[in-house]
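J.: Sequence:
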Amino acid sequence: MPVSKRVKAVIVASAAAAIVSTPLYWLLGGPDSGQLAAASVQGATGVIALAWSLLTARAPSEPEPAPRATDAVDLASDTGKSSARDGGRAISGVLCESRADGRPARVERSGDAIAEGPGSVACSGVHCR
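With this note's numbering, you'll find the sequence shown wraps up at 149, consecutive numbering, no jumps.
For the record, the hints were derived by calculation from the structure and aren't laboratory data.
Keep in mind that a hint or two might mislead.
What the hints assert, rightly or not - Label-pair ranges, simulated between beta-carbon atoms:
1. Leu115 <-> Trp72: 33 to 41 Å
2. Lys28 <-> Ser60: 22 to 30 Å
3. Ala33 <-> Gly54: 56 to 64 Å
Using N, Cα and C, we set each Cβ at its ideal position, and we do this for glycine too.
Work out the full structure: start from the sequences and follow the hints.
T.: Right, here's the structure in full:
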């Protein structure tokens, strides 16, 4: 989900305020050694987390890589015959929920598919529910 620059700026500003506020509150209230150590650890952790998120963010000019035909995740090769009767289902190829996720599917040398009777499904290729 894309986030606008304005929303990102508000999130970063809020995170920076939260990173600074608690250790600052402890330090201004006459800290003992435990509070000083906790403030140091919290401040360092916050700075590292903020720096990591900024450094690892994908630049807007870097589009998501498109799936390539050679990156086939779902593959059925040399599938045999597939037959179903009386409302049954027989899938000898690739069965998937949907192709909306963009993952490629490939079927090579598929065989015959025979469905007999109402509600029967037979597939020797790609079948999405």
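J.: All hints are to be evaluated individually against the structure, with a verdict given for each.
T.: Verification of the supplied hints:
1. Leu115 <-> Trp72: 33 to 41 Å: 40 Å, holds
2. Lys28 <-> Ser60: 22 to 30 Å: 28 Å, holds
3. Ala33 <-> Gly54: 56 to 64 Å: 29 Å, violated
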